[in-house]
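Number of protein chains: 2
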Amino acid sequence: MNIEIINIGDELLIGQVVNTNASWMGEQLSLSGFKVQQFTIIGDTREQILDALWKAGERCEVVLISGGIGPTKDDITKTTLCDFFGTRLVFNEEAYKDVESVFARRGYQVTELNRQQAYLPEDCTGIPNKLGTARGMWFEKDIPVPGRKGKTVYVSMPGVPFEMQAMMKEYIIPELKKRFHPKSIYHKTIMTQGIGESFLATLIEEWENNLPPAIRLAYLPQPGIVRLRLTGTGDDETEILDLVEKQADKLSLLISEYIFGEDDDRLEAIVGKLLLEKNCSLGTAESCTGGYIAHLLTSVPGSSAYYKGSIIAYDNGIKEQMLGIMPETIDEYGAVSSEVATEMAIGAQTNLNVDYVIAVSGIAGPDGGTKEKPIGTTWIAIATPEEVFSKQFLFGDSRDRNIRRAALQALNMLRKSLL
Amino acid sequence: MNIEIINIGDELLIGQVVNTNASWMGEQLSLSGFKVQQFTIIGDTREQILDALWKAGERCEVVLISGGIGPTKDDITKTTLCDFFGTRLVFNEEAYKDVESVFARRGYQVTELNRQQAYLPEDCTGIPNKLGTARGMWFEKDIPVPGRKGKTVYVSMPGVPFEMQAMMKEYIIPELKKRFHPKSIYHKTIMTQGIGESFLATLIEEWENNLPPAIRLAYLPQPGIVRLRLTGTGDDETEILDLVEKQADKLSLLISEYIFGEDDDRLEAIVGKLLLEKNCSLGTAESCTGGYIAHLLTSVPGSSAYYKGSIIAYDNGIKEQMLGIMPETIDEYGAVSSEVATEMAIGAQTNLNVDYVIAVSGIAGPDGGTKEKPIGTTWIAIATPEEVFSKQFLFGDSRDRNIRRAALQALNMLRKSLL
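First to last, the protein sequences are chains A and B.
If you're matching positions, the first sequence starts at 1147 in this note's numbering and goes up one per residue.
If you're matching positions, the second sequence starts at 1147 in this note's numbering and goes up one per residue.
If you are wondering where the hints come from, they were derived from the structure by calculation, not from laboratory data.
Positions of the beta carbon are idealized from the N, C-alpha and C atoms, including for glycine.
It is possible that some hints are incorrect.
In silico BS3-like cross-links for lysine-lysine, where the CA-CA straight-line distance does not exceed 25 Å [unchecked claim]: (1) B:LYS1201 <-> A:LYS1297; (2) B:LYS1243 <-> A:LYS1517; (3) B:LYS1224 <-> B:LYS1276; (4) A:LYS1519 <-> B:LYS1224; (5) A:LYS1201 <-> B:LYS1297; (6) B:LYS1201 <-> A:LYS1201; (7) A:LYS1201 <-> B:LYS1287; (8) B:LYS1276 <-> A:LYS1517; (9) A:LYS1201 <-> B:LYS1181.
The following label-pair restraints were derived from C-beta to C-beta distances [unchecked claim]: (10) A:GLN1538 <-> B:LYS1419: 30 to 40 Å; (11) B:ASP1546 <-> A:LYS1537: 37 to 47 Å; (12) B:SER1563 <-> A:SER1178: 51 to 61 Å; (13) B:ASP1546 <-> A:GLN1368: 15 to 25 Å; (14) B:LYS1287 <-> A:GLN1368: 47 to 57 Å; (15) A:GLN1368 <-> B:ASP1411: 46 to 56 Å; (16) A:GLU1408 <-> B:ILE1222: 49 to 59 Å; (17) B:ILE1222 <-> A:PHE1326: 52 to 62 Å; (18) A:GLN1538 <-> B:ASP1546: 27 to 37 Å; (19) B:ASP1546 <-> A:SER1178: 20 to 30 Å; (20) B:GLY1272 <-> A:GLN1311: 39 to 49 Å.
Coverage of chain B stretches by chain A, computed from C-beta distances (three or more under 8 Å per stretch; other residues unrestricted) [to be verified]: (21) 1283 to 1297; (22) 1497 to 1506; (23) 1544 to 1550.
With the rest of the complex left out, here is chain A (with noise of 0.2 Å):
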């Protein structure tokens, strides 16, 4: 059983509103065990809401639909659905009583424009709407396909978030599973970080090569971050999960230096447990991430349990001033060098009073670049209890991308250092 979902909304069509519906309903179908053939998103007219219906129904077997039925004027979805589905809109009681009690709950008075909300598609099964006034539709339609068993389900929701996400948790997700016991499904994500896409798919060829059929595997790439992406699909729940992880558990073998976790796992946050649990104190020292690794590491909650601060040494003089570096070594090796991050990170260990520091000092560009240090050249040092060391790296020539390419490296090389 395949499933399509319809967006309805001009706000999508022109980026005013990014479709995160519909990779709401996409997560949860997949995590449901259902297949998500295609998303489909309209604008709101008579014309592409027939069309989009017809087309969607004769690719699957189950068509949900958001949005185009809130209480202003220019919703013409629900007539069209009454057109598509051979019915009419009637007043429904009990959904009037709803639209009435969700104003009381506010305060307000029903207005003619929400009286309209109660009038429904007669052949339709109502959802009810715990916290909103348009109620869901699920209708269901004999469509022409060769070899489809049964008719096929539409369901229409509204469009607001939260209202489309109570519906489908309470209602139509366990409504599907009751009637297509879905196969299951078996989704792990690997975390790498350090690699590139095509280099890692050299190094995991011949692994690839011989996955087994039930198994799928997806790069998904990021700046400084490539996502390998296993999913399995069978009628054994416990075999199909024993599958994925025996498979992840061959390819982390192939490319262990560059993994630092799983599915929604961020580096950030991973370093912070680790230093909870050594009990250690984190400060940075960064030049041009500029601020950016600590912003990474202070987005996660609780982090000033481990987090103490930084100094963002933009200037040479605050490099000096704050940082203890001697002027001699910014003149001999110049700023990007081994021996200016070296001494930034023993200068914030000491003035900062922490455990570990990063330090950073590189050239994210667009300007600063030379034929021996061109744009992309960044020096991270780390300075743990034990040590300091440094590495060189080569980024790239966008500014932003070097900087937050820098930023996952260097907080990598940090949890490498705390392993």
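Once you have looked at the hints, place chain B on chain A.
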């Protein structure tokens, strides 16, 4: 002329990645005067791709495709495109040179997987990719649709956002404009800070109700900022520009105290320009914003000309040691107080040796709130060469949004004091 956007990628359908590509493309195209009719999001199987290509071509004269053409093996888009357009993959010397030069810049050897990126469909116009290895492909095909004049345009792009965005801006949108001559459209965005959407709406209600029909207004809220976008559409470019500018002037008078710029203006860049004009330097002292203000400031190319650095004093010990805050001040007033924010600003001004300082101390959450100082309580102090002043704000209960709102509010306070 209508446009359909096809995004290919299982990661979109299972909700692992939110489809920001579609909304970015929709926004840019509609800003250029084009009408986007539909987004179609599909998985990377041959059948789905072929089905989507046919149906999109029947609906729209232009079909823009992103995703599915990276260097890894799960990409089958390119061979499916060949089948659809009745052509075959051939090795393209020019494309190979591009791949080589991207790799040479990064200091890498070209792998076999990346060599395959130089195989392109014979019957397409290649679109150079300065930021990656996968070329764009411009195809044209006769699609039998009553009333359609000329061939239908299909353009395939990589799914990596910045690669796709560069191709759209530099090549595809200009090419579409040359060919289809869209209606004149003129946008003007007024950037506001420090006031919520519904309060703005009340202030400008009368003006909004009297807008001429050729002009539309959109509210585009982000944490801390509301953008007001005026869009005029018409046949005469000069006329529509005048009309929009006149309305923008009227609007500006109504809400002048909240406006910090227009169109793509960013507060962090505006502040930088003002500092350069005054030949003054800036430092920051951050507690709850944890480096986010420094990150915003240093994300502006060339910011090292005025931004010297920051002391991120997440820990009270660092507030005392690096910023010279008296322990008694923290004991008496608490770290989130006018007194501490003021002392932070003065301490940073002295220690970083700068003309201006932004200092922030607040409770970002989720922990640390009290009855007297709930989560979101934030003190911002600004030190100028003449004075120090501070102000209290009460933001919301989301950590991420509190950090962002505090940072933007602080930058706007500095901007006003620089004027």
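Q: Could you tell me which of the numbered hints above are not met by this structure, giving the numbers in increasing order?
A: Per hint list: 4, 11, 14, 15, 16, 17 and 21 violated.
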